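Taken in sequence, the protein lines are chains A and B. Using the UniProt record's numbering, you'd call the opening residue of the first sequence number 1 and step up by one each time. Using the UniProt record's numbering, you'd call the opening residue of the second sequence number 1 and step up by one each time.
No lab work stands behind these hints, which were simulated from the structure alone. All values reported here derive from a predicted model rather than from experimental measurement. In this text, a Cβ means the ideal position worked out from N, Cα and C, and glycines have one as well. Please note that a few of the clues may not be correct.
Straight line, CA to CA, 20 Å or less: simulated SDA-like cross-link-like pairs of lysine to any residue [what the hints assert, rightly or not]:
(1) B:LYS43 with A:VAL181
(2) B:LYS77 with A:ALA312
(3) B:LYS121 with A:ARG138
(4) B:LYS77 with A:PRO311
(5) A:LYS97 with A:ASP86
(6) A:LYS121 with B:LYS77
(7) B:LYS77 with B:LYS43
Away from chain B, derived, C-beta distances all over 12 Å, residues of chain A [what the hints assert, rightly or not]:
(8) ASP98
(9) GLU118
(10) ARG138
(11) GLU166
(12) VAL176
(13) TYR301
These are the residues of each chain, in order.
There are 2 protein chains.
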Amino acid sequence: MTTRFMYEAERPMAVYIAVLATFDTKGREAEFVGERIAALGTKPLYVDLSLDGSSLPSEEPVHSPGTGDRSLGPEAKRVAMQGVVDNAAAALLPLVKDGSLRGLIGLGGGQGTWLFAEIAKRIPLGIPKVLVTTLATRAGTYLEGSDTIVVPSITDIAGLNGLLREVLRRAAGAVVGAVAVASYRGAPQHAAVTAMTMFGVTTRGGMALKSALEEAGLDVAVFHANGNGGMMLESLIEDRVVASVAEWTTTELVDDLLDGIATAGPDRLRAAGRAGIPQLVVPGALDIANFGRRDSVPERYRGRRLHEHTPAATLMRTNADDMRVLANSMAAKLNASIGPVSVVVPERGFSELSAPGGPFHSAEADAAWIDTMRAELHSSIPFSTHPHNINDPEFAAIAARAFLELLPSTSV
Amino acid sequence: MTTRFMYEAERPMAVYIAVLATFDTKGREAEFVGERIAALGTKPLYVDLSLDGSSLPSEEPVHSPGTGDRSLGPEAKRVAMQGVVDNAAAALLPLVKDGSLRGLIGLGGGQGTWLFAEIAKRIPLGIPKVLVTTLATRAGTYLEGSDTIVVPSITDIAGLNGLLREVLRRAAGAVVGAVAVASYRGAPQHAAVTAMTMFGVTTRGGMALKSALEEAGLDVAVFHANGNGGMMLESLIEDRVVASVAEWTTTELVDDLLDGIATAGPDRLRAAGRAGIPQLVVPGALDIANFGRRDSVPERYRGRRLHEHTPAATLMRTNADDMRVLANSMAAKLNASIGPVSVVVPERGFSELSAPGGPFHSAEADAAWIDTMRAELHSSIPFSTHPHNINDPEFAAIAARAFLELLPSTSV
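One chain only, chain A, in its complex shape (with noise of 0.2 Å):
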């Protein structure tokens, strides 16, 4: 690791807030932030994220010691940029391991608010991590997958000036004031929060499930199955903050397969089977793919059945063929699970809208994800069907019985 650090002389002794920028140029306002920091009572460690020769590993093959940035092709700056990533993030890991490094302080434009960004998502979630940027009002899509506090700069953050010195002073304060109050200390936590995925279509039947889990003594945190909420829970089951999980809401798969807006990737449903913490499956929502406004719905899927749930918000019933595929790519996740799964699925639709009646009802879509898993799923993997739209309090009750039959005696 090389990415230059500053001021480090005593560390090993004390606990430290990490103070990044690229120091080329925005080093005094970095600076400045330290020393904020410093009058508060605990130590900056300064990381710089330059692009130039200096902060970069001198075998680094990009460019020779001393280039700046704006010599670099856009590819050529792109493994730059990468390789800056990398770098602090392998130098800050381990100290955060060892309990030494308790929170993050960044100051950004363009570039730095990305670097920040790509590093905050590899520091474990409950680390408190602070922004300053130039570009308050996107940073949020750079930082999705984070837990960053985002402050605006007000100014650019080109040189000190009165308003930006109070800007840095209160960012200043936060962190260190987040830092003082934060449980997260570095060593893994007694993962104790029970995850649950929910949507407004399965909110009805979710809040029945949420309830049951809770009156079995379980702290239950609900993530939105809106692309954003599936990816937080992935990175923290990751980050072994969760316990277990009841995928009440499947549906952001459906988004990643058919181009919708509330896709979570395709690693969505993986995160859990890999840590090997219990995990109840449902299909919830699998009948709807997200789209925006009704000329947002891609050309190929305008035949489709279609529903106009807001002006914004243009829902699509999945068809046989993509429960066939949904099916057998969630089936060859949850066999890989080296934890317990099982899985319940409400015969009367996946949610709301695919209720007998409703306007998504198809018996003949559903049917085929069924097949299909039954077919596929491990038969070691309890998988059940129940004469009930997933909203029905009676289903509501089935998945939680099923799903406290997967937990170890002594964790509820």
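With chain A fixed as given, assemble chain B onto it according to the hints.
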């Protein structure tokens, strides 16, 4: 004012951090935040933003007390939401003024995020504002024009759980930490900052002007004239944080006129005149309207002179007609100023692109602006043209002199 306040018994004696949420759905979570704030030594002041009758004036015509928001139609709901914003602002602003309210923290989903954003925009910049939101990826657009710190809620804000408790604990720590170091204490600060507007194609000259002003002892803050920057600037002038302004780049007015993407609204260039602060005005980048990808340029402009800045940014040259409209509206705004104004004009192009030989060079269009401005501007306002491009160092020196002459001799 009748937005519901709780626990305000000792108000006149203490300092507070306000905790804002729709208590009908997020009351437990808000109280958890308030308890954390109290544990850190500051008193919480709860503000209920629920739309139901309890938090709205009984004389409010849109619904009777106790009517939940779900029964409201869209228009009535809009009125009710605006009422909540007005009530909360009316309640909080006097507490900001007398120095007892030191910060705000809000919790929100879709509705709560909008309500908090509208309230935050009315609270002076510099008062720490923190929002915990389920919509972190797009909250930035709601919050544009405020200095709110955004904390992603990770899970839904629908019941406390181990994860959400940790997020709320850190958010409470962040707002208390920011309040502890904030210099703003309610009373108007001594406005000591000189604001400057800049843009990529006016940067070379802008940096020369900035250096000259800093050499003269001014504390200069740069705002990117990209829509967001201009809105922020107008808002800071209204809050009396800015002492003087060098409008090097007034290009946002073009985008407001021609439906470009970098508009700061029709009121851009009004605040300084109303506040009576010294104001230098240069027609920086008035040659340019900003659009996204080439296919996003409105149909009616396809025959205009276009320049592909990057694949994602298409610029359009303003014509003489646009320039006359712009000059008329700018002259009207400047004529209404109650403080000193000076207009200096680079005759050889208002940006890098419209220098002689550049892709946007148009002596005719520039002359249309110059002639209209000269004719419409009140004779008491100094107006001078110079045989330079905006980025020539000589022009920056001229502009610096003109600006420094506007300042009271004590302020430098």
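Against the structure, the hints come out as follows:
1. B:LYS43 with A:VAL181: holds (17 Å)
2. B:LYS77 with A:ALA312: Holds - the C-alpha atoms of ALA312 (chain A) and LYS77 (chain B) are around 18 Å apart, at most 20 Å.
3. B:LYS121 with A:ARG138: Judged against 20 Å, a Cα distance of about 18 Å means the pair holds.
4. B:LYS77 with A:PRO311: holds (18 Å)
5. A:LYS97 with A:ASP86: Measuring from Cα to Cα gives roughly 17 Å; hence the hint holds.
6. A:LYS121 with B:LYS77: This hinted pair is violated, its Cα atoms lying about 38 Å apart.
7. B:LYS77 with B:LYS43: Judged against 20 Å, a Cα distance of about 32 Å means the pair is violated.
8. ASP98: About 21 Å separates ASP98 (chain A) from the closest Cβ of chain B, which puts it past 12 Å; holds.
9. GLU118: At roughly 16 Å from the nearest Cβ of chain B, GLU118 (chain A) sits farther out than 12 Å, so the non-interface label holds.
10. ARG138: violated (6 Å)
11. GLU166: Not fine: 6 Å to the nearest Cβ puts GLU166 (chain A) too close to chain B.
12. VAL176: Violated: least Cβ distance 5 Å, not greater than 12 Å.
13. TYR301: Holds, since 22 Å exceeds 12 Å.
When held up to the earlier numbered hints, the structure conflicts with 6, 7, 10, 11, 12 and fits the remainder.
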